[in-house]
Amino acid sequence: MNSRPFKLDALMASHQYGHALPREFYTSQDIYNYDIAQVWNRNWLWAGHVSQIPNSGDYFLFDYGPESIIIVRDREGEVRAHLNVCRHRGSRVCTEQSGNSRVLVCPYHAWTYELSGKLRAGHNMGEHFDPSKFGLFPVQVSVFKGLIFVCADANTPSLDPVLSQLSPLVEPYGFDDLKVAHTASFPVPANWKLAVENYLECYHCGPAHKEYSRSHSLKSPQEMAGLVEPLNARAIEVGLTPDELALVGEAAPTPFTSGYYRRYPLYQGYKTGSKSGEALAPLLGTLNGFDGGATDFDIGPLNWFLIYSDHMVGYRFVPRGLQETDIQVVWLVRADAEEGQDYDKEDLTWLWHVTSLDDERIIRHNQSGVNSQYFQPGPLGEMETSIQDFYDFYFAMISPEPEQRMAGHG
Amino acid sequence: MNSRPFKLDALMASHQYGHALPREFYTSQDIYNYDIAQVWNRNWLWAGHVSQIPNSGDYFLFDYGPESIIIVRDREGEVRAHLNVCRHRGSRVCTEQSGNSRVLVCPYHAWTYELSGKLRAGHNMGEHFDPSKFGLFPVQVSVFKGLIFVCADANTPSLDPVLSQLSPLVEPYGFDDLKVAHTASFPVPANWKLAVENYLECYHCGPAHKEYSRSHSLKSPQEMAGLVEPLNARAIEVGLTPDELALVGEAAPTPFTSGYYRRYPLYQGYKTGSKSGEALAPLLGTLNGFDGGATDFDIGPLNWFLIYSDHMVGYRFVPRGLQETDIQVVWLVRADAEEGQDYDKEDLTWLWHVTSLDDERIIRHNQSGVNSQYFQPGPLGEMETSIQDFYDFYFAMISPEPEQRMAGHG
Amino acid sequence: MNSRPFKLDALMASHQYGHALPREFYTSQDIYNYDIAQVWNRNWLWAGHVSQIPNSGDYFLFDYGPESIIIVRDREGEVRAHLNVCRHRGSRVCTEQSGNSRVLVCPYHAWTYELSGKLRAGHNMGEHFDPSKFGLFPVQVSVFKGLIFVCADANTPSLDPVLSQLSPLVEPYGFDDLKVAHTASFPVPANWKLAVENYLECYHCGPAHKEYSRSHSLKSPQEMAGLVEPLNARAIEVGLTPDELALVGEAAPTPFTSGYYRRYPLYQGYKTGSKSGEALAPLLGTLNGFDGGATDFDIGPLNWFLIYSDHMVGYRFVPRGLQETDIQVVWLVRADAEEGQDYDKEDLTWLWHVTSLDDERIIRHNQSGVNSQYFQPGPLGEMETSIQDFYDFYFAMISPEPEQRMAGHG
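Residue numbers (the working numbering), protein chains in the order written: chain A, 12 to 421; chain B, 12 to 421; chain C, 12 to 421.
The reader is advised that the hints may include incorrect statements.
Because identical chains share one entry, a pair is satisfied inside a single copy or across any pair of copies.
Subject to a maximum C-alpha distance of 20 angstroms in a straight line, what follows is the list of computed SDA-like cross-link-like pairs (lysine to any residue) [said to hold, decoys possible]:
1. 156 with 346
2. 18 with 44
3. 18 with 40
4. 156 with 297
5. 221 with 121
6. 356 with 175
7. 144 with 30
8. 144 with 27
9. 18 with 41
10. 221 with 287
11. 144 with 393
12. 144 with 389
13. 144 with 33
14. 18 with 406
15. 230 with 123
16. 144 with 26
17. 286 with 216
18. 129 with 113
19. 144 with 390
20. 144 with 388
21. 221 with 197
22. 221 with 106
23. 221 with 123
Hints were generated in silico from the structure; no laboratory data involved. In this text, all values refer to a predicted model and were calculated from it rather than measured experimentally.
Start from the sequences, fold in the hints, and give me the full structure.
Listed below in structure tokens is the structure:
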């Protein structure tokens, strides 16, 4: 089912460096299944924030493709993650998106798992049954300043080396002290890779994102260049660093463990990503003012964040099927900010709501054209080099690596 | 289209006896197509009851997968069955689920078939056309005490040897003298085999079926054991036999012709499968009282019945697509019982309505988890041995049998 | 993706001449994809009428399968056609079904194409980028008396030799001077070939089309024979020719360039295809009266027209997916006819509206039966010989033709 598609090597060989991918990467069910196995199950995925599960037994699910992961705070207060698949006949164990439970009980035959994933003695399973062999499949967890990352594959290397380098840069934002203010999901009838590619370049920002382009200079490298120095000065003033960190491509410790941090200027008059230019919420962490910047912050190749001075936006592009993807957007603010008083949800979410609607339309039309039998991958432009970086990562993931692939569960 | 999937032998070999089936059996379109050809087209299927077609020309359709079968009473009063596929260019001939017609006329070009399936002379077909070669494909019919079974394949052995053994056991229920009181269909997004497996074990009854478990002892082998002897005594008293018959597995004449009969105890205070414990309808057949039992009664590997003292429930799990199945439930009562007077439809259907809704949910979550690339078939418990029996039957059906497969229509 | 299905030769060989096609031709996704490549992308398709794009910059889209074609009037007033696929990363360039634009701007990154398809200098594409290599893929255009035909493949031969023969026969209808009065689309869950076959024979007209059969003699070759001579006399009187032209099968210059013209009688009392028999709109072209006839007029193997004395109806069967087809019907009247005054839209469209609804039902039931694993292609009747002609054309299209297939875009 998720074996290596037999034409994959030829397809990879047919890709012209610096061009879009051949059509089949966006239209083949076999390649989609393989993407889940090789890319999604083997990478660190941002699942949520510790504030979503403050107490022991609190849990929520993070689903992608055919997979579902339970993220739960155990009795010792640790965040744990398990595959949401009963070891008996495969039922989902948790069927609500979030909740609190002392144990995890499969709704089918009441197989009961500790929050640690350990199976309690199975009833009516005979004397030779050894419950210790049937715990929930473990999922790796990495909590970085409150942000929860999970990885289904046991062999994926730790994020720690990258996180330790990124840590001082994001320290002032106080990630530990955030809460989720709003979550939105925009389903788009397109392959997940087209959604990722859309996020990775701002070549389309000018033509396609009127609202974003009014406030963010990223869409114009020329204009941005002139604004960087004054921004850096202001950043230092409010308590941020002007340093950048690009642990990507060759600089990444492994393809699985890339990282990126860069603050870039908003246009004059914009304190944050708001319609009016004015503040949207209380300042994050230890910041003492608005520098008029926004931070691109990535952890691993599939998790993207935008950090303003007063809120953070997380972006995920979650595969649901070959040409079904959810654009998921999560807005986070200070934990002590109160809705209606300290922030207005409509105002807070306005920019990335309208921008995501633009992107849904764009990505949909992109998939439609890519489905044409006449589609030919064209050349990437100067503002699209990060797409080739993504292809490099993607091709590394789907290349045969016998040792690595033979490991894992089972 | 329905040729043998080339990985099937390897998949069958990978199945561990006493465990659930490997994932592909529930996720492969090729295997689903092959299931229709090998399992559904070659087995006896319960289509309905003779009371649905009392008069010559009365017909109804029974559909599964891509197939549709016409069950019709012919001019001589016999029940006949034909494939609902015009021999001209393949249109459905009957397009209503039931009706009455003197002949079967294809709506496309008016090719007209006798109720016997024989084609009347085709108009505008030229002088060399021989209508005798273009009758509707015949479907085997077996009527057992009013219950109509059909089988598309001409080579499937007769049910008679099994029916003759089952006949004396069910004689008192008066199957001939029933009518359909209600039919319900519960669509579930799962492979048909997961729905069958759900029906085959009562390991899940305790955790998942609160209402059923209150009245039926099957969910607890220990409790049931203590109730069997008194039930047997009462069964004899009301005119039933306490004998059991298990023509399954090795004891079945062929894999196609299994049969099963066993009465088991309801809990004290329950005369039948009702909410209150009280009677739901007039006593069936020649029964002279309520013994407080329920009968599991199966004919062939795909047809299941539950017989209470005052009504019968038929269960089918009809494939519609790879992960689309209809749980079909049919309630039957004495033919002379009048709705509103002798029985209340809401009360009559309550138990298996709520229980089917439970099962829909359970089976859906089962398929969802089985779709995970991490799913591993776990061990079956002591109350799930009948699932392995089903796998034995299923594997017999999908094993290569050259002689048998070369026969059939065409 | 659209490579030759490896079982195709065996399937073609298994077809029995004069019978329906084997099931796989209507149920295989691979064959459907190949149909798009070999049949739809390589044939002339009727896209519309010049009156839909009177001015420079006016455009409309014609979509089929995964393809979308832009038909646009350029600055010189010529009708041009391009594939609606951006040469950058494949987005649709035009996303509205029709409009007016001075240039064609891709909504993703604003790549801008002249109406001629030429790419203007790409912005931010680097100094080595040569825009002359990235014009929109051209589509062949042939305008015949105002009717616009397009063909995606560059190697398909011109329609001209056929059109020049057909031209004098249709001259009196004044195609140049038409306008689209109404368009309707009837989606049917069936393969496109079943929809075409339905159109190609009138064997089903008697049984299935009550309204059509009341007025059109085509459904009865015997009755029609007696009506032809008087019709021919009247046709000459009103300014039409009684000549027929059948550039089909062996008589067609190539399989791509067939043509057909024949006028046949309506029953007495019918001036046109109306419910009442009375006129529906002003007489077409130079006609000076109603002759009581209707013309079957075909250009190429996929475009069908019916011409009455006062209006014309165009028929297309547009593939949307393996078993998804749109029956598209276009009604045309004199350009100077005014709705509400010179014609009533309800009356005008009545006949082919009710007839298309009949056909939707018929074709749906046909596909349902063809999906049966028991379906066997039956013999075609005396009134269905044009279906075998269609199979001859179809098989020619999907046969291997190495030279031709190696050409084309890319």
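Hints breached by this structure:
Result: hint 6 breaks, nothing else.
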